[in-house]
Amino acid sequence: MDVTFYISAAVAVLSTILVIASRRPVHALLYFIVSLLAVAVMFYVMGAPFVAMLQVIIYAGAIMVLFMFVIMMINLGSDARGSDRGWLQPSAWLGPSLLAAILVAEVVYILAAAPLPSASTVEVTPAQVGQAMFGPYVLGVEMASLLLLAGLVGAYHLARRRRAVTPAGNDAPDALEEKLP
Amino acid sequence: MTMTTVPMNHALAVAAVLLGLGLAGLLVRRNIMFTLLSIEIMLNAAGLAFIAAAAHWRQADGQVMYFFIITMAAVEVAVGLALVLQMYHHLRTLDLDAASSMRE
Chain R
967 MDVTFYISAA VAVLSTILVI ASRRPVHALL YFIVSLLAVA VMFYVMGAPF VAMLQVIIYA
1027 GAIMVLFMFV IMMINLGSDA RGSDRGWLQP SAWLGPSLLA AILVAEVVYI LAAAPLPSAS
1087 TVEVTPAQVG QAMFGPYVLG VEMASLLLLA GLVGAYHLAR RRRAVTPAGN DAPDALEEKL
1147 P
Chain X
663 MTMTTVPMNH ALAVAAVLLG LGLAGLLVRR NIMFTLLSIE IMLNAAGLAF IAAAAHWRQA
723 DGQVMYFFII TMAAVEVAVG LALVLQMYHH LRTLDLDAAS SMRE
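In the order they appear, the protein sequences are chains R and X. Take the first sequence: its letters are residues 967 to 1147, numbered as in my numbering. Take the second sequence: its letters are residues 663 to 766, numbered as in my numbering.
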């Protein structure tokens, strides 16, 4: 099991380097998703399957989709014509696919080497996490829910487009609004 | 089958490397998208350190802390991306140096 940890650590570090070194935000996003998946494999190997699932579903799923939506909305105005062709070039998806293939091979190896972990082999079971979360940490969970509500209201308020005099180009918001549905 | 034979020091070293990479990206890149991604990298590294500690001491508290970190990251991304949209609508660019009017 050790070797899978170190391989996924190497994948995480490599893809993180490629995140901060890539020129286009979409490429960086793909590499960052691979980095998150690699860290999820590390979580699983370290005996935290619940957190590994959270990492895949919430981080690599929901939060990265949010990033992708914003990148797509911003790209709509400037260079939307050639974007499809840019996506299909191997330079966009070959690197992340190779790194993700390494992770898939690791997961297959883990599942083949051992059956699905039962409650006795996992270091910290999801039941323990739940008992801690809704036992001593219940106030923190409530505060987290309040934080999510505040973030929801704040994001709505900030992202709303209002008619205001902008410092740079007063007809810029109108031009974008015609392109966006 | 023993799940954890990985020493905590190695996991913490990986977390430190990831945090350093995120900090480097935060300092080097001037695109606001990369700034947000670098902050996410650093938050993820902090979560990795928590999970390493939780696995070492076999306590659930580290995973609860990771849950809080992921909640905070989700909220931060939502508000940050709303700010990105506003900045793009106002300035027509994602360059952070274009939004330095408070400095001058």
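No lab work stands behind these hints, which were simulated from the structure alone. Just so we're clear, the structure is a prediction, and the values are computed from it rather than from any experiment. Positions of the beta carbon are idealized from the N, C-alpha and C atoms, including for glycine. Keep in mind that the hints are not guaranteed to be accurate.
[Said to hold, decoys possible] According to the in silico footprint, chain R covers these stretches of chain X (three or more CB under 8 angstroms from chain R):
| # | segment |
| --- | --- |
| 1 | 675-681 |
| 2 | 684-692 |
| 3 | 697-706 |
| 4 | 732-742 |
| 5 | 747-761 |
Results for each hint:
Coverage of a stretch by a chain is defined here by at least three residues with a beta carbon nearer than 8 angstroms to that chain's beta carbons; for the segment 675-681 of chain X and chain R the count is 3, and the condition holds. For the segment 684-692 of chain X, the proposed coverage by chain R is satisfied: 5 residues have a C-beta within less than 8 angstroms of a C-beta in that chain, meeting the threshold of three. As drawn, the segment 697-706 of chain X meets chain R at 6 residues by the rule of a beta-carbon pair under 8 angstroms; at three or more, the given contact holds. With 10 residues bearing a CB less than 8 angstroms from a CB of chain R, the segment 732-742 of chain X meets the requirement of three and the coverage assertion stands.
With a threshold of 8 angstroms between beta carbons, the proposed coverage of the segment 747-761 of chain X by chain R holds, since 8 of its residues qualify and at least three are required.
Going down the numbered hints, you'll see the structure goes against none, and every one checks out.
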